[in-house]
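Given the coordinates of chain X, work out where chain E should sit on it, guided by the hints.
Order-wise, the sequence lines are chains X and E.
My numbering numbers the first residue of the first sequence as 1 and each following residue consecutively.
My numbering numbers the first residue of the second sequence as 339 and each following residue consecutively.
Hints were generated in silico from the structure; no laboratory data involved.
As the structure is a prediction and not an experimental result, all values here were calculated from the model.
Treat the hints with caution; some may be incorrect.
20 Å max Cα-Cα, derived EDC-like pairs, lysine to aspartate or glutamate [unchecked claim]:
id, chain 1, residue 1, chain 2, residue 2
1, E, Lys756, X, Asp102
2, E, Lys521, E, Asp603
3, E, Lys524, X, Asp188
4, E, Lys559, E, Glu681
5, E, Lys423, X, Glu300
6, E, Lys524, E, Asp504
Derived CB-CB ranges, DEER-like [stated by the list, open to error]:
id, chain 1, residue 1, chain 2, residue 2, range
7, E, Lys626, X, Ile181, 27 to 37 Å
8, X, Ile181, E, Asn512, 38 to 48 Å
9, E, Gly481, X, Phe299, 24 to 34 Å
10, X, Arg175, E, Asp558, 41 to 51 Å
Which stretches of chain E does chain X cover? Using the computed rule of at least three CB atoms under 8 Å from a CB of chain X, they are [what the hints assert, rightly or not]:
id, stretch
11, 426-435
12, 450-462
13, 590-599
14, 644-655
15, 721-727
Heads up, the beta-carbon is just placed ideally off N, CA and C, and yes, glycines get one too.
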Amino acid sequence: MAVHTSQSVAKAAGDDVARGRSRGTGNPPPPSRLRRALSVHWYAWTMVAPVVIVIGVIIGYPLVRGIWLSLTDANERNVARSIGVNEMPATYKFVGLDNYADALTGGQFLSTLGWTLVWTVSCVAITFCLGMGLANILNRRIAGRSAYRMALILPWAIPGFVSVFAWRFLYNEERGLLNKILGGAGIDSVPWLNDPTWAKFSVIAVNVWLGIPFIMVALLGGLQSIPSEQYEAAEMDGATAWQRFRHVTLPGLRPVSTTVVLLSTIWTFNMFPVIFLLTRGGPGESTQILVTQAYKFSFEISPRDFAQSSTWGVLILVLLMLFAVVYRRVLRTQGDTW
Amino acid sequence: MRRGITATALVAALALAATACGSDDESDGGSKSSGELSGTVTWWDTSNVGTEDKVFKKIAEGFEKEHPKVDVKYVSVPFGDAQNKFKNAAQAGSGAPDVIRSEVAWTPEFADLGYLAALDGTAALKDQDDFLQQAVASTKYNGKTYAVPQVIDSMGVFYNRKLFKDAGVEPPANIDELKSVSKKIKDKTGKTGLYLRGDDSYYFLSFLYGEGGDLVDGADKTVTVDNAAGVKAFGVVKDLVDSGAAKTDATDGWENMMQSFKNGDVAMMINGPWAVADTLTGKEFSDKENLGISTVPAGSAGQGAPQGGHNLAVYAGSKNLEASYAFVDYMTSVEAQAQTAGELNLLPTRTSAYTKQQAVDSEIVQFFKPVVETAVERPWIPETGSLFAPLNTQYTNVLTGQTTPEKAAKATGDSYRKLLEGWK
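Extracted from the complex, chain X is given alone in its bound form (with noise of 0.2 Å):
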């Protein structure tokens, strides 16, 4: 690997260097605009500069090294590497589009992306559906509201992993409290986990009640900004509770939700951790994201395949920004400004 690091870092970096290149083209005409920039500019340049590179290293880099290895055979056999007195130069070739090809046309990918909007769509519905409801009810004033909101926004304070094990040991098919309320209740115990669609619905509940804090918060800010006027207005015209929520809630809170729905979306979408530490993916594949499916490929099968891995990453980074592109179309048509 280390050799190709060099090599990629140098072609990536003489893309960027735009000054050689219009230095070769611009010295007839006039001082190029760029230029002039520069001279103006300079000291934002600079102190913008760490920053930029610190981005194209750890993103940069990185990426354009992920899209590379997705048109190679590249595998843990035949990269590069050197280990004391073992030293192997690389001997993995350039394949083209084929990894793509295969992707797209087996069986594996479409049926991964699947369940993955599955996932990603009730997830983000149930979530925001709740998170309504639960953002409403907070914002009357109730008795207590306060010692409500902080033990709802609990689950997001508490660190990913730890949630997500409490909610394994919840899960245990043995000797898991569920099971255990289950079995005083005379019902026979769930395999959770063990069962296909019961960890399907177990993984979604969890990644559920994680994301119902931040929906919450981002809807009750929302809430509070709609002025009281306009309710005290829908009021007086006689429209019912439904006809409030439908007509003056709902329309004010717009900007918020739609900024909610497609982070949730994004997030959700790569919610790696729920999957990863809750099934791995199983039982068998059932569970198994892109996300997951790709980190699979990079790090948990022999040899290790960071071509085919590389090529999912590449297509669910594709895959997002339709969809952001998509989302901000359909929004522009209803008249947003976002």
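Same frame as chain X, now just chain E:
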């Protein structure tokens, strides 16, 4: 994968930084000229936490007494994570231990990837002739030796004598008896007969071998897991679970199996000597005599326990090779093996260790010794360690009813043919 690449890049960057600052104090370790070993030896032990690890740590400390200038850094790494953790560290070129306790199937794979130092002609291979032939097999790769066997093992049926007495049954000799015994246990005591670990296909091997199947045929370069015997074996485990003779699990299999057995909720489990020390900590086995061990139930083709075990291997990038070789030699000495046989009932890999009193006194060692001698060996090819990932998925799929034995066998075979280039 973006996450993965970022992580790799970060690890690589950290590795560079770490090797740059850390090289001075360790590079002169293990100098040959003075004749005295010095420096640090980091050892990753993968034995069971809470029982086995204590004993191994104590033995490792003995090496420090013998070589006062050597500092042994003992690290306990959970068995399930060790293979990946070692690969990550080895590939990054930093963070890998000097010595790793490598499962037999990992050894040829690590050697093939260039992560291990060849041990031929080093202090680690002093008395090769004393080692059992089956144990040595997994340490050879491409004509060189890459590890020294530390323990050897196989599998048997662990049973709860008290529950067996209550139900009036004897240990089952074959699958049919296993089913009838389980039924009697259920009728008489209300407990489940067998706990069949569902998340690790290593526990499937004795059923596969019992039907005359195998994962692959190394001599013929043929994939055999999807032949008739393989399909039958998948059918056997499915039937055990469907008929209620066995309980299974797709997550936390080890924990659930051990807890259920230790609490007396199940009467039998299939397991190996590595589980003995842990089992004896259970409330049901405060009287050691309550633990019975018998051979794995035979399938239609006979008894087929798999041979496993652990080797000690030296990382090729170790900064302290001489001390590491000596450490491996020390940890696999007759005395060390006799001690683990006595305290943990683990099976030595050296012939002479079996003559030591501790090994002679251990009933479990004596029970497993003939089992190991007839156990089924895997072909020690670099891919041996890679055969389990696809098998795990299909094995779980069969047990959770997501697929049929036929489809599972075929899917496993297909992925093996993809993995093993040019095999039939």
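Now the hints, each set against the structure:
1. Lys756/E <-> Asp102/X: holds, 13 Å
2. Lys521/E <-> Asp603/E: With Cα atoms ~14 Å apart, lysine 521/E and aspartate 603/E stay inside 20 Å; holds.
3. Lys524/E <-> Asp188/X: It holds: about 17 Å lies between the C-alpha atoms, which stays within 20 Å.
4. Lys559/E <-> Glu681/E: violated, 41 Å
5. Lys423/E <-> Glu300/X: holds, 10 Å
6. Lys524/E <-> Asp504/E: holds, 11 Å
7. Lys626/E <-> Ile181/X: 27 to 37 Å: Holds - the Cβ-Cβ distance for lysine 626/E and isoleucine 181/X, about 36 Å, lies within 27 to 37 Å.
8. Ile181/X <-> Asn512/E: 38 to 48 Å: holds, 40 Å
9. Gly481/E <-> Phe299/X: 24 to 34 Å: holds, 31 Å
10. Arg175/X <-> Asp558/E: 41 to 51 Å: Given about 45 Å between the Cβ atoms, the range holds.
11. 426-435: This one holds; 4 residues, not fewer than the three required, reach chain X with a Cβ under 8 Å.
12. 450-462: Coverage by chain X holds for the stretch 450-462 of chain E (5 residues, Cβ < 8 Å).
13. 590-599: Since 4 is at least three, the answer is holds.
14. 644-655: holds (count 3)
15. 721-727: Since three or more residues must qualify, the claim that chain X covers the stretch 721-727 of chain E holds, with 3 doing so at under 8 Å.
When the structure is compared with the earlier hints, a violation turns up for hint 4 alone.
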